[in-house]
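J.: Make a model of the complete structure from these sequences and hints.
If you're matching them up, the sequences are chains A and B in order.
Residues 1 to 241 (the working numbering) make up the first sequence, in order.
Residues 1 to 241 (the working numbering) make up the second sequence, in order.
The set of hints was computed from the structure by calculation and includes no laboratory data.
Possibly wrong hints are sitting among the right ones.
No copy is singled out in the list; a pair is fine if it fits within one copy or between any two copies.
[Stated by the list, open to error] Result set (BS3-like, lysine-lysine): computed pairs, CA atoms no more than 27 Å apart in a straight line:
| id | residue 1 | residue 2 |
| --- | --- | --- |
| 1 | Lys155 | Lys19 |
| 2 | Lys19 | Lys124 |
| 3 | Lys82 | Lys19 |
| 4 | Lys124 | Lys237 |
Protein chains: 2
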Amino acid sequence: MADIDTAASYPITDVNRVKRVHERGRYDKATVHAILDAALVCHIAYVIEGRPYCTPTGFWREGEHLYWHGSSASRMIRTQGKGVEVCLTVTHFDALVMARSGFHHSINYRAVMAFGTAHIIEDKDEKLALMDRFIDRIYPGRSGLIRQPTPQEFKATTMMGMQIDTASAKIRDKHVSDEEEDYEGVPAWSALYPVTQVIGAPSECVRQIPGLGIPEGMVDFEPGARLDEIMTKTYGKTFDT
Amino acid sequence: MADIDTAASYPITDVNRVKRVHERGRYDKATVHAILDAALVCHIAYVIEGRPYCTPTGFWREGEHLYWHGSSASRMIRTQGKGVEVCLTVTHFDALVMARSGFHHSINYRAVMAFGTAHIIEDKDEKLALMDRFIDRIYPGRSGLIRQPTPQEFKATTMMGMQIDTASAKIRDKHVSDEEEDYEGVPAWSALYPVTQVIGAPSECVRQIPGLGIPEGMVDFEPGARLDEIMTKTYGKTFDT
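T.: As structure tokens, this is what we get:
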């Protein structure tokens, strides 16, 4: 732990320490941020009356803050009138790894668990700006092309945020790794299958205004492209990493 | 709620009721099972000392039971000597939907939240059989091709299970849906981009025994195929749905 740069890394505590296969753990902010910024969907764990809930939702990062749409957690905050502890997890699934024993079967992945206290964004100007950036983070420049929220829409949308108190990344990025005696001793065909999440060709709205072209901000949305790579590019265009 | 078949559906309570955009909620077991059985990775929420954690891991279903590898939760169970409440969530991300207002931007998805009490599988025969089925559920017949666990490997692996007490599915499967006046009033190009998770061509282990062919059980692992479709097929071969 002595080699951890405290400015560029998250503090390691019992909360975020990677325990199972601990050599896969990373605590530097650059690694954590890169995994977060390549994603659009996260899973958020929170507690209501002692019971855990795990909700998938869209999210994004700004500095050391994470933002997302309100979910059931927002009801709890409204009821309790204060913040609530959450764990926001992002997982990229990169490969299936078939080994010669069950024990060494694995998957390659890049995951982050980020811990903090969620709160509702109450300030109206801040909320409106965040709603625009949520769109722009995915589709650069799009907030300037679309209709702005009506008062009812604005009210119906809850924006949640949290500061990252601590976080850890966990990465497996290896090929088949077997016990030495199994390579020749076990006649089981073994391989790694890459797994990627990709986009297809756009299906235009059937009520498109004739003659409207694809906006410039969509240049990275090439059919067949990896979503994690698109999200990394569009993130960089909006937040100038 | 009167039209819910209690044998074929999960009971609707405050725990599993879909609140936000409630018309997307489904409670029938056929829908919930299909979403679970098309997946290999889930996110599990659990509570340690009042704090929520959200951990990604591999899992599968057998009837009304879900199984996965031990994670931090297993340490807590060992410490506490009893079961722990969890929420196991599966999410398939199917499309990006770009509308003419921020409010109507959306994603298409199929998600399940399953609630229950996790326990460690202590019975050795049951645990060994589950370890085999975890492999076979992904790669049909593979447990018969690979080396069986050593005593150390068996001990180092924690198998967790839970009965589904209740669950709900939430699905969005729609194209662009805007306010009527926005279709002509807002000149923003709008479209749906399909999102799929696919496998690539296998990268064989460099120490493959010469002459070994791809096992018959891998027939569904066609490069370019959707992982959710492969998992649905391989599930059916192992569990004969």
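J.: How would you label the pair Lys155, Lys19 (within, between, both, or neither) given a Cα cut-off of 27 Å?
T.: between (42 Å within a copy, 17 Å between copies)
J.: I want to check one pair: Lys124 and Lys237. Are their C-alpha atoms no more than 27 Å apart within a copy, between two copies, both, or neither?
T.: Within one copy, since 25 Å is at most 27 Å while 54 Å is not.
J.: Have a look at Lys82 and Lys19 and pick one of within, between, both or neither, based on CA distance no larger than 27 Å.
T.: Between copies only: 21 Å across chains, 31 Å inside a chain, cut-off 27 Å.
J.: My question is about Lys19 and Lys124: at a cut-off of 27 Å on alpha-carbon distance, are they close within one copy, between copies, both, or neither?
T.: This pair counts as between: shortest inter-copy Cα distance 24 Å, intra-copy 41 Å.
Violated hints: none; the structure is consistent with every hint.
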